[in-house]
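Novice: Chains as they are written, first to last, in this note's numbering: chain G, 1 to 315; chain D, 1 to 315; chain W, 1 to 315; chain A, 1 to 315.
Hints are computed from structural coordinates only; laboratory data are not their basis. It is possible that some hints are incorrect.
Just so you know, same-sequence chains aren't split out, so a pair can sit in one copy or run between any two.
Stated by the list, open to error - In silico lysine to aspartate or glutamate, EDC-like type, Cα no more than 16 Å apart, as pairs:
hint : residue 1 : residue 2
1    : Lys-22    : Glu-35
2    : Lys-130   : Glu-169
3    : Lys-130   : Glu-179
4    : Lys-278   : Asp-165
5    : Lys-22    : Glu-10
6    : Lys-253   : Glu-30
7    : Lys-287   : Glu-35
8    : Lys-22    : Asp-309
9    : Lys-2     : Glu-131
10   : Lys-253   : Asp-41
4 protein chains.
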Amino acid sequence: MKLTNDQIFEIKEQQSQENKTKRVTAPELEKILYEALPILDHGFIRVVDYMGDDTSIVQAARVSYGKGTKKVSTDSGLIKYLMRHWHSTPFEMCEIKYHVKLPIFIARQWIRHRTANVNEYSARYSILDKEFYLPSPENLAAQSQNNRQGRGEIIEGDQAKQVLDLLKEDAERTYKNYETMLNERYDGSSINENGVGLARELARMNLTLNTYTQWYWKTDLLNLMNFLRLRADHHAQYEIRAYADVMLDTLKKWVPITYDAFMDYRVGGTEVSANGKKVIKELIAGKKVSIEDTDLSKREWNELMQAFDLKNNLI
Amino acid sequence: MKLTNDQIFEIKEQQSQENKTKRVTAPELEKILYEALPILDHGFIRVVDYMGDDTSIVQAARVSYGKGTKKVSTDSGLIKYLMRHWHSTPFEMCEIKYHVKLPIFIARQWIRHRTANVNEYSARYSILDKEFYLPSPENLAAQSQNNRQGRGEIIEGDQAKQVLDLLKEDAERTYKNYETMLNERYDGSSINENGVGLARELARMNLTLNTYTQWYWKTDLLNLMNFLRLRADHHAQYEIRAYADVMLDTLKKWVPITYDAFMDYRVGGTEVSANGKKVIKELIAGKKVSIEDTDLSKREWNELMQAFDLKNNLI
Amino acid sequence: MKLTNDQIFEIKEQQSQENKTKRVTAPELEKILYEALPILDHGFIRVVDYMGDDTSIVQAARVSYGKGTKKVSTDSGLIKYLMRHWHSTPFEMCEIKYHVKLPIFIARQWIRHRTANVNEYSARYSILDKEFYLPSPENLAAQSQNNRQGRGEIIEGDQAKQVLDLLKEDAERTYKNYETMLNERYDGSSINENGVGLARELARMNLTLNTYTQWYWKTDLLNLMNFLRLRADHHAQYEIRAYADVMLDTLKKWVPITYDAFMDYRVGGTEVSANGKKVIKELIAGKKVSIEDTDLSKREWNELMQAFDLKNNLI
Amino acid sequence: MKLTNDQIFEIKEQQSQENKTKRVTAPELEKILYEALPILDHGFIRVVDYMGDDTSIVQAARVSYGKGTKKVSTDSGLIKYLMRHWHSTPFEMCEIKYHVKLPIFIARQWIRHRTANVNEYSARYSILDKEFYLPSPENLAAQSQNNRQGRGEIIEGDQAKQVLDLLKEDAERTYKNYETMLNERYDGSSINENGVGLARELARMNLTLNTYTQWYWKTDLLNLMNFLRLRADHHAQYEIRAYADVMLDTLKKWVPITYDAFMDYRVGGTEVSANGKKVIKELIAGKKVSIEDTDLSKREWNELMQAFDLKNNLI
């Protein structure tokens, strides 16, 4: 990640604000507010605004549940209860806004989460930065043999070099041709003073999908957790998981009680189907069960065994 | 509106907070934060949290539009431009949360705006307050003769008295029977110490629709304006307009530049259909136009003439 | 449920349609299309339109997953896979529309599911039917002692009679006064030929919450399942569950493969938290576990034991 | 647009279906159901399913408005009334589903309409087709001088040739290197039988933004019109407008009455701000008005004059 001096200055300026407010604040999150947290080779996440904290969830739930609860439950107990029973509306009462720099092919995955607000840097209007994602060697993986949408072994040696060279050369060449068509360089200088440039909304089509874009992305706490549950999961593509992992840290700084409940019930938990429950019940009763005795597919069987660390039962 | 001493104390306590933050603040809105602004006979609106201000809209739009704009447009010019051209996503970057007390029949209109977050006080869980809406005399109107969903003349004299008596007696009686069925009074005391009460989730069905409920309601600035455009309009039912009018004031305190653009382009503006444009063009050209020369219905014609204050042309 | 002759005629007329289409159809659902399926004392559900069937889910998923899958998975295998891994977008490709008659206090619960399209019969515009919900004796339950939002023992004898009498009298009286204020009876006849009536938008506030309303409600298959998972659950209030149960039947007739996967993975399944997994693993390993050895609350412990039918372990 | 024989066969097969249904049908739309309507050089739109027609809007509105309307309004009058007064919920009662093939940079604009359901062909899972968009000569435009997100003069001659050559060469080269990295050709054949290929989810990042993708896209009628209002507008980028124009035709075949109202009130209509209304009123009164007499910016002034064809007043 490389910020210009102007960008560094603007961030520092925002961080030097010291405003008074009657709103609740999240002190740990304030400490990193506006900071560009680096991700991948040129990307970042910045928390640029937020609303509410753990107590806002309790406050909203208690309107909904009435004055009686106050004595019975501690905040933590109530938040755990809400999480466990999918009483989701109180979690919608907190909001967070990120500024994100990310490769376009990851932006295309990300945007599928529709319940967020987005303002993306417009390549119809402006010239995109000359930055593109190149995987680090340990993330250069072969196509998985048994999972059509996953990765297998690491690619090394000559083939790794070839792949990285191709990615680099193609991104650089297409970007250079983008400038040629625009008749303008990424720093705004003209190439041919008397020439005209192709419309930006057209020239951008020549860029490769690893070019970086950026956006403001705002969502409520419930939908943030839905995003993180899917994108911080090991099934998610590494490049989006890198973002989700940093966002998990910001979640912890923002709403620590909710974070704990989220890790316990969602991230660390598992779902068991009706057919899966039968198997677990037999196992608890001390019986031997094999897949033939069940209505599970091989894949389901293995997922169930893995969920409960029964490695000897994998088939 | 009647707040208990406990409620007054809790509001004062929230208002006495003085937290430091690096986030932007809206000083005029801070002044009335948490305050219960009275509406109708027992209702209120309280702003309980917010995120962002006018500059947040500009900031989000500039990510989307690139660094070039900064010099060209002032904030106000950009916000007006965005409003005029329905570039709506930057307005979604601000968020506000209200605590509202309102009659159930109004809550049922309100909830139809789906793009908001809501936590309502639960009558499955708690006993509703003994408060119900009775219109003030100047709002006691007859059914309109020419608009099936509107009001006509004010009802006065004996009939007004009769209506108010019926509303009051029925609300009081059904509430009293609600307590009887619950075997519990609104203050939590038992009626028959040894008896059992009907489940709250059932007993509530006996209440009338003018009973007050309350909720936390959170929305972004774009959807707040969509709500206000419809509900602060003269077609809206008076009782919901009373809420919308107070919310318009909070909008002005929160984002004054956006408020001005909203009043100019949305609230004070008008839409003209393709057929309507033909009429206006003729009128500008100094021609006489009557409805027979047009493709407008009588209702459309009158709406168009009213929009441009051409009262002599009404038919 | 009591339909007028006109309503019966209109339903029959719709059912007698025989149109040709190139779209897919769901033959079992066609058989009950437009039929008013009775619920509670005066309510009903009618399926009035639908789009897509089980194959539409597969078709959409295969665009998303590419041509490769066709040979590997049968439709059923793919649908189960999608359900298990929360690949939810293909289920959004089917749509269904219901006409529902339901008590207002249930409508208020129902409407909290925001991702649906709704048109409700307007009491600003028209007079509501003279119908209100009265629970049948076996559903007249006392407030639960250990669950603030649940029901306990059945109420019987004199108290039951008293409750039903109060509900009936109050609903009838408030409806009668509604007519008086409107100066119009439910059948449209005037009460006082020369008098004026109170505006409908005001008079309606006198009605009790068990008055029936009706609406068109349209949603996609994914959101229908979200609705049913919550509302066909035993935690849901009986009166809304009665609707959800009938809707489950229509789901089965519409998309039988999806229905099976839904019953296995969602309705019949369970979620186990990270802390809960530790307990289950110990139990499978044949160890004795008591709540003191865990991080579970009493309530969590019991929910876990119940999920796996370990009744002896309840505390 | 080039369909394979298999694709042509599959479309014909779908079109040969003749199912019976009690649902309403849209006969004109049935005629083109499943047909691939060509757009740009390799793109298409196919209507693959729909639900409801003009009468469904009326039917839903009448539940909401009660039985009284039936005699008063014809269907057309009611639909126009609903459109004019933004009574939008009845339009949500119709649904349509498209299969679309489109360049990725257009897909990125399109997806910003969040209120639709989408399943995109997954390049994590499958290999993208070897097809990329090249503008036709008449669409090769220079950057506009006065509109930062628009197009100016057509680019011709040598520069046009250079631009097209660059776009073509870069797309072909990056696609070829995509195959090299995958160790697999677009037709599924291996390049090096003994080698391994880079994971698909990584290799795709080398493709340029004019590569074609495809998706299933489903939306309700209201949101379709919102999409078309913005994307069939002359401010929209030509490439997305090409899709919107074809979709307008399908709208007309599907719901002809709604289409007419949409063209009159939305597409052909205009909005006039409060400040703009003052100007129009003066002009109707026969007064001379110049921009100095108003609160309009130069841009607003010109937009207003253009809306009413007052070309002499442009400044």
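Novice: At most 16 Å between C-alpha atoms: does Lys-287 with Glu-35 qualify within a copy, between copies, both, or neither?
Specialist: neither (55 Å within a copy, 49 Å between copies)
Novice: Given identical chains, is Lys-278 near Asp-165, meaning Cα to Cα at most 16 Å, within a copy, between copies, both, or neither?
Specialist: neither (53 Å within a copy, 47 Å between copies)
Novice: Under a CA distance limit of 16 Å, which applies to Lys-130 and Glu-169: within one copy, between copies, both, or neither?
Specialist: within (13 Å within a copy, 20 Å between copies)
Novice: If the cutoff is 16 Å on CA atoms, where do Lys-253 and Asp-41 land: within, between, both or neither? Let me know, please.
Specialist: neither (24 Å within a copy, 43 Å between copies)
Novice: Taking 16 Å as the upper bound on the Cα-Cα distance, should Lys-22 and Asp-309 be classified as within, between, both, or neither?
Specialist: Answer is neither: 49 Å inside a copy and 46 Å across each miss the 16 Å cutoff.
Novice: Is the C-alpha distance from Lys-2 to Glu-131 at most 16 Å within one copy, between copies, in both cases, or in neither?
Specialist: within (10 Å within a copy, 35 Å between copies)
Novice: Within a copy, between copies, both or neither: where do Lys-130 and Glu-179 come within 16 Å Cα-Cα?
Specialist: Only inside one copy: Lys-130 and Glu-179 sit 10 Å apart there, 25 Å across copies, limit 16 Å.
Novice: Reference check for the pair Lys-22 and Glu-35, CA-CA at most 16 Å: within, between, both, or neither?
Specialist: between (24 Å within a copy, 12 Å between copies)
Novice: Have a look at Lys-22 and Glu-10 and pick one of within, between, both or neither, based on CA distance no larger than 16 Å.
Specialist: between (26 Å within a copy, 13 Å between copies)
Novice: Between the shortest in-copy and the shortest cross-copy C-alpha distance, which are at most 16 Å for Lys-253 and Glu-30: within, between, both, or neither?
Specialist: within (9 Å within a copy, 25 Å between copies)
In this structure, the hints that do not hold are numbers 4, 7, 8, 10, in rising order.
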